[in-house]
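*Asks:* Below, each chain spelled out in residue letters.
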Amino acid sequence: MRYLEAGKRHTVRFTLNGRAVEGDAEPRLLLSDFLRQTLGAFGTHVGCEHGSCGACTIQMDGKAVRSCLLYAVQVEGKALTTVENLATPDGLNELQAAMQKHHGLQCGFCTPGILMSLTQLREEEPNADEARIRDVLSGHICRCTGYDGIVKAALDVFGDVFGKN
Amino acid sequence: MKPPAFEYLAPVSLEAAVAALSNEDAKVLAGGQSLVPMMNFRLLAPSLLVDISRIPDLAYITEDGDGLRIGAMTRHHAVEMSDVVRQRFPVLHAAMAHVAHLAIRNRGTIGGSLCHGDPAAEWPGLVLLLNAQLKTTKRTIPAGDFYHGALATDLADDEILIEIQFPGLAPGTGWGFEEMARRSGDFALAAVAATICLSDDRATEVRIVVIGAHATPLRLTAAEGLLTDHVSIGAAADAAMQEISPDSDLHASADYRRHLVGVLTKRALAAAWKRAA
Ligand SMILES: Cc1cc2nc3c(=O)[nH]c(=O)nc-3n(C[C@H](O)[C@H](O)[C@H](O)COP(=O)(O)OP(=O)(O)OC[C@H]3O[C@@H](n4cnc5c(N)ncnc54)[C@H](O)[C@@H]3O)c2cc1C
Ligand code: FES
Ligand code: FES
Numbered sequence: 000m001r002y003l004e005a006g007k008r009h010t011v012r013f014t015l016n017g018r019a020v021e022g023d024a025e026p027r028l029l030l031s032d033f034l035r036q037t038l039g040a041f042g043t044h045v046g047c048e049h050g051s052c053g054a055c056t057i058q059m060d061g062k063a064v065r066s067c068l069l070y071a072v073q074v075e076g077k078a079l080t081t082v083e084n085l086a087t088p089d090g091l092n093e094l095q096a097a098m099q100k101h102h103g104l105q106c107g108f109c110t111p112g113i114l115m116s117l118t119q120l121r122e123e124e125p126n127a128d129e130a131r132i133r134d135v136l137s138g139h140i141c142r143c144t145g146y147d148g149i150v151k152a153a154l155d156v157f158g159d160v161f162g163k164n
Numbered sequence: 000m001k002p003p004a005f006e007y008l009a010p011v012s013l014e015a016a017v018a019a020l021s022n023e024d025a026k027v028l029a030g031g032q033s034l035v036p037m038m039n040f041r042l043l044a045p046s047l048l049v050d051i052s053r054i055p056d057l058a059y060i061t062e063d064g065d066g067l068r069i070g071a072m073t074r075h076h077a078v079e080m081s082d083v084v085r086q087r088f089p090v091l092h093a094a095m096a097h098v099a100h101l102a103i104r105n106r107g108t109i110g111g112s113l114c115h116g117d118p119a120a121e122w123p124g125l126v127l128l129l130n131a132q133l134k135t136t137k138r139t140i141p142a143g144d145f146y147h148g149a150l151a152t153d154l155a156d157d158e159i160l161i162e163i164q165f166p167g168l169a170p171g172t173g174w175g176f177e178e179m180a181r182r183s184g185d186f187a188l189a190a191v192a193a194t195i196c197l198s199d200d201r202a203t204e205v206r207i208v209v210i211g212a213h214a215t216p217l218r219l220t221a222a223e224g225l226l227t228d229h230v231s232i233g234a235a236a237d238a239a240m241q242e243i244s245p246d247s248d249l250h251a252s253a254d255y256r257r258h259l260v261g262v263l264t265k266r267a268l269a270a271a272w273k274r275a276a
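Which chain is which? The protein sequence lines are V and D, in order. Anchor point for the first sequence: position 164 equals 163 in numbering that gives the first Met the number 0, and the numbering is continuous, going up by one each time. Anchor point for the second sequence: position 52 equals 51 in numbering that gives the first Met the number 0, and the numbering is continuous, going up by one each time.
Don't read these hints as lab results, they were simulated from the structure. Possibly wrong hints are sitting among the right ones.
[To be verified] Over 12 angstroms on every C-beta distance to chain V, these chain D residues come out as not near it, computed from the model: (1) Ala-15; (2) Ser-52; (3) Asp-56; (4) Arg-87; (5) Ala-99; (6) Gly-143; (7) Asp-156; (8) Cys-196; (9) Gly-224; (10) Asp-228; (11) Asp-237; (12) Ser-244; (13) Ser-252; (14) Val-262.
[As the list claims (entries may be wrong)] Only pairs whose alpha carbons sit at most 27 angstroms apart, straight line, appear in this in silico BS3-like list of lysine-lysine: (15) D/Lys-26 with V/Lys-62; (16) V/Lys-77 with D/Lys-26; (17) V/Lys-77 with V/Lys-7.
Think of the CB as a built atom: it goes at the ideal place given N, C-alpha and C, for glycine as much as any other residue.
So here's chain V without its partners, still in its complex pose (with noise of 0.2 angstroms):
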């Protein structure tokens, strides 16, 4: 059984990327935070540090989650994946390629958070129509866009050929 001691750091290992990584953290330290100051992978944003902004979604296990929701000890052995690991080699993954085309950004802080989401989507729903679509943008706050261009280039690679432009 895992004790670990209030105020004192431990060592936590898991694979982010598909890379076993390993640092140490206090129980108290954010998984947001572990993942930006310890491991310096900035691609993960933070907001709000209470579940409410989707800045700073993941995905662990296959499935999205707020990292600031998080603490760091509680990810031993798990593997998380973060926006970094979206691109291929050749360049920018389909929706990121979308999300470009149409114009789906602009300060680009809440854009991690939301390929997190919708690579999940994609995953359990290739065919999400677009109430589907903004029903999980509804989990991302975007104060720049007014969400138009992220629900085209979802569009764009969600099997729905109505709001294709």
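Position chain D with the ligands against the provided structure of chain V, taking the given hints into account.
*Replies:* Positioned in the frame of chain V, the structure of chain D with the ligands alone reads:
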């Protein structure tokens, strides 16, 4: 927005978890989707977190006669995606779309939602609507006896919820679930869930539960009685508005919540009636 210091324990058996909870100020950590935000806001400062996510066999959806048994660590998203839930309890499937957002539904658990006991959360109302039994490490509690008030349950400090048991619905039961929230995925300003059984086009059994407009989820027994006495849906909705004691807050006034409960009761009953066979 950073949580205070705490000790962390990840037991792999329920016995060890229960033993750890006898420490003063210890708290169960399930999905963390309510507990961690509250700790980040420093509304809570437990000295020990007992992470129950490494205990095997607490997440499952199992058929039990006509009903279902669902493990306390089952995630909202697993319920949302389950075929057997969709077939047997379509109202549960429909309600899941209102629980927060995809990333939060991936982590948040049914047990956590029930034990947290937010009166505006969907699960506490759903277990009451469906007459579920809540099995803990000590006993089995009927849903109707689980809440004492907002965020206050009947659980002892060292008691862990392990399973929720849903008895099968009578064949042909119709259902409705209507919610109003400020934004998609927000907690309900108010929601009404209903089930209706019909015989010769008359309601024989009706259950109506209101969420978010009372300190606990509440069965609207007066409104139910008006339907089984063959009075109109409109009269039941009027009765519903009198049965609740909503609060005013930042998001809505008590008057507005009362008004919403009337409208949502009408809609939920109409939908349930239409779906009943
Ligand atoms: C932005 C946001 C929006 C949300 N919107 C909604 C919404 O619209 N509707 C809704 O219903 N919920 C909403 N939630 C809450 C979410 O559904 C949580 O998943 C749920 O309330 C708590 O489940 P959890 O597993 O995360 O529990 P935790 O946060 O881990 O625990 C919650 C409480 O329950 C106790 N506990 C947990 N499991 C057990 C157990 N098995 N036995 C005994 N005690 C236990 C813990 O000690 C703690 O006190 C939202 C959350 C966020 C962050
Ligand atoms: S920083 Fe995690 S949801 Fe806003
Ligand atoms: S692109 Fe700036 S917040 Fe979304």
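*Asks:* Run through the hints listed earlier and report the numbers of any the structure violates, in increasing order.
*Replies:* 1, 2, 5
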